[in-house]
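J.: Chains A and B supply the protein sequences, listed in that same order. If you use the working numbering, the first sequence closes out at 393, no skipped numbers anywhere. If you use the working numbering, the second sequence closes out at 1514, no skipped numbers anywhere.
Treat the hints with care, since some could be wrong.
Going by beta-carbon spacing under 7 Å, a handful of chain B positions derived as facing chain A [to be verified]:
1. ILE1340
2. SER1354
3. LEU1356
4. SER1369
5. LEU1371
6. VAL1379
7. ILE1380
Heads up, simulated DSSO-like pairs for lysine-lysine below, C-alpha to C-alpha not over 30 Å straight-line [unchecked claim]:
8. LYS1352/B <-> LYS1406/B
9. LYS1341/B <-> LYS282/A
10. LYS1319/B <-> LYS284/A
11. LYS1352/B <-> LYS1019/B
12. LYS1395/B <-> LYS259/A
13. LYS1387/B <-> LYS198/A
14. LYS204/A <-> LYS1209/B
Keep in mind the hints are simulated off the structure, nothing from the lab. Quantities reported herein were computed from a predicted structural model and do not represent experimental measurements. Backbone N, C-alpha and C fix where the C-beta goes; we use that ideal spot for every residue, glycine too.
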Amino acid sequence: MKSLRSMLRGNIRQYAMIIAFIVVAIIFEFLTKGILLQPLNISNLIQQNAYVMILATGMLLCILTMGNIDLSVGSVVGFVGAISAILILKMDVPVWIALIISLLVGFVIGIWHGWWIAYIGVPAFIVTLAGLLIFRGLTMTALGGLSLAPLPDSYTFLAAGFIPDFVQFQLFGKAFNLLAFLAGTVATILFIINEISKRRNRRKYNFEVPVFWIFALKIVLISLVIMSFTYALSVYRGIPMVLVIVVALVLIYSFVTNKTIPGRHIYAFGGNPKAARLSGIKTKKVLFWVYVNMGVLAALAGIVFTGRLNSATPKGGYGFELDAIAACFIGGASTTGGVGTVIGAIVGGLLMGVLNNGMAIMGVPIDLQQTIKGLVLLIAVGFDVVSKAKSKV
Amino acid sequence: MEKYILEMHNITKTFPGVKALDNVNLQVKPKHIHALVGENGAGKSTLMNILSGVYPYGTYEGDIIVEGEVCIFKYINDSKAKGIAIIHQELALIPSLSIAENVFLGNEQSDGGLIINWNKTRSRTIEMLKKVGLDENTDTLVKDLGLGKQQLVEIVKALAKDVKILILDEPTAALNDDDSDHLLDLLVELKEHGITSILISHKLHEVTKIADEITILRDGATVDTMVKGVDVISEERIIKAMVGREITDRFPKRKHKVGEVCFEVENWNVFSPLDNTKQIIRDVNFNVRRGEVVGIAGLMGAGRTELAMSLFGKAYGIKISGTIRKDGKELVLHDVSDAIKNGIAYATEDRKTSGLILIDDIKRNITLSSLSSIKKKIVIDDNLEIKVGEDYRAKLNIKSSSVLQKTGNLSGGNQQKVMFSKWIFADPDILFLDEPTRGIDVGAKYEIYTIINDLAEKGKSIVMISSEMPELLGICDRIYIMNRGMIVGEFMVNEASQEKIMQCIMQSNKEVVK
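Input sequences plus hints: build the corresponding full structure.
T.: Here you go:
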């Protein structure tokens, strides 16, 4: 019995985030009287919160390097939104060119930050705090204090569009998106195959694996979540375009951080910069590219957010940096660097999303929403700190 | 008066899965220096952590009796109140504060209120600095002091709290011989003033020199206690008790197969990155042959680490000039990764702060410098990485639960083996080893020497920096002597002796004075 408890504890820590997410989702499902998990709202939830997840992905890499953060991303989101709207609406630049220019602007901003941080040696906190002020100011100047709207459909498609189905299909007399359903099924199967092969591999090297029933339970639960999510998308309008972007980012960044040499270098740098340098890792280069990457992702988030809102506003992106940072820490990243995962940051972002969305449906006043989000951040990280301290003794 | 000032009775401490201490007994007489020796992992630190209240009452079994009174230490402050002070290997000083501020940190001198009385603080500090023979201004910042002096400040800090029992954990590990001698003399002097010391040390000659009693721990149990004047105390006997077997030869034998010169450094000059007028390395010339183990002897601050690091892709220093030649070809190394690519490796003296990623596991640390050799296209091959890790874990006998164990949880000797594995896996031709046996026990030292011998026999060239002269004399082929950033002497090992090396250093000091 004792072994079962200690085993459960070990496993619970590993999945604490996912469990917390499910619990919060269930609570809000009740509080909103079933609106939260309705197909329409699930699509909404994804589209509304895609920006947090995109930003959290980039922010995680910053946090991995010694717990550095990027405070400028909210302002960059606003600035890039403004640039793209001005290009399209005032200068009649074709949408696709405007999108490329917007991403390039993010890239240049990233180079600017990265240069100051990595090569001049100004602390990231200061550089990005300056960035927060600089780009907010530039956004206001560029827009002259006014909003620009509406944007063309081809622009908003990225944020608010759905991928069209390949056939017209009906289930029980209702429209049913076959593409979404097939994609979800394939994803579930791939997930199961991946988990089984991972377990087999660990077995092969005689590493500890969770008992079979816990393993099976985990697979069944996560498969169920993916499939019900898939069903919800299918009976509504199919796969939101922005979901494709987010999933692609998660896959790419998980792959890069876990499986490639640059990813390993980021973790090693965060774990011990001195040792990393003496191991032949070009630490300045790592730091520089992490911030360049953040700039590009902030620009992408800017495009998605502006498209979703269908307008570029002077206050666009205000406070987003805090959502992204909170998502990373809720997702298990360490404030001293070297610890954290992309998946964790995304789940953290989703949790923030459910909170935002659930409270909005319930009609919680916006001011109180902030307070609740703050408390959730504090409790999540506090729980993590306490459980880590316990596992040491 | 009590017979013992401190007794620890049948102390048993269990960590999940391991019994760290098993019925350990320790009896310390007042005004004595009591040495506690044992291999790494024998339980010395655990025992001292119990004594100082780091592991509170209730997490262990057994009794602590101070001056005849059973004590219950729930917090570190409880043991402090009883006059027990522990000085750890990693000093607990605040570098940016002055000596006086550090001495009275947490014990500030006031006239009863919240306002610090600086005159009182300073005058009491001056008084105590005299006692330990430290001639420094009380307002000097601790970061401007050398390691030896910092150690003394730490002792003064304990004295300021009316300490009765002073525990010193490896106090001389990072000190040069002069500073070590001074510290040991001080302990003897404090003894006269009624202060009892418990000394944890791997340096057995120190232990035999000043200890009145010696308690030896092995695998969490007391195996022997020796009393000066009663027992015949010799280093051999201590070692035998520590490792449970007789080590007849502290240095393993090697077939010497020295080849042609393969690494040469000419007119190497380096300046300090903190002060670009201060020259750290002056016109250094040296060479290493294939299959040769070359030692660099010298005192702390002689510039040995700086020399090695500046050669290792300019990892230290500015305004670096001079030439490096490998196999006759000149090398220009811009950074560490250049150096590694050209077959040069440097294993740092400070494995915790600049050698290992302590939050990462064994295998990831081993492969960190050679990730491109375990990749398939752009992906790191996890299975190959595990294989490499297991391979080195077995070859170098790294004691751990698996290659997935975090390096932060390993003992010093095993951490050192992980660092060695990392550099051996990087397959260098020239390997700089900076204090490779610092702070590790006799058994692990022997294993490290064996690894060095194996590497030399395989035709690798080793440059070994060490402050322990017997060790250099025991395993090197040739020894250079460094002082004040210069090479001041060179001996073949059969012509060298500790006296000659020291003479060489003293001679060069005199020349500077002239």
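J.: Against this structure, judge whether each hint is valid.
T.: A quick look at each hint next to the structure:
1. Taking 7 Å as the C-beta contact cut-off toward chain A, the hint placing ILE1340/B at the interface holds, the least distance being around 4 Å.
2. Residue-level restraint check for SER1354/B holds (minimum Cβ-Cβ distance to chain A is 4 Å; threshold 7 Å).
3. Because the smallest distance between the Cβ of LEU1356/B and any Cβ of chain A comes to about 6 Å, under 7 Å, the interface hint for this residue holds.
4. Given hint, SER1369/B at the interface with chain A, holds; its Cβ is 4 Å from that chain's nearest Cβ, closer than 7 Å.
5. Residue-level restraint check for LEU1371/B holds (minimum Cβ-Cβ distance to chain A is 5 Å; threshold 7 Å).
6. With its C-beta approaching chain A no nearer than about 5 Å, VAL1379/B sits inside the 7 Å limit, and its interface hint holds.
7. Hint on ILE1380/B holds. Least Cβ distance to chain A is approximately 6 Å, under the 7 Å limit.
8. For the hint pairing LYS1352/B with LYS1406/B, the CA-to-CA distance comes to about 13 Å; that is within 30 Å, so the pair holds.
9. Under the criterion of a C-alpha separation no larger than 30 Å, the hint pairing LYS1341/B with LYS282/A is consistent with the structure, at around 13 Å.
10. Simply put, LYS1319/B and LYS284/A have alpha-carbon atoms about 20 Å apart, close enough for the 30 Å limit, and the pair holds.
11. Between LYS1352/B and LYS1019/B, the direct Cα distance comes to roughly 25 Å. Compliance with the 30 Å bound is thereby established for this hinted pair.
12. Simply put, LYS1395/B and LYS259/A have alpha-carbon atoms about 26 Å apart, close enough for the 30 Å limit, and the pair holds.
13. Taking the CA atoms of LYS1387/B and LYS198/A, the gap is near 16 Å; set against the 30 Å cutoff, the hint holds.
14. Distance check on the hinted pair: LYS204/A and LYS1209/B sit about 54 Å apart at the alpha-carbon level, beyond 30 Å; violated.
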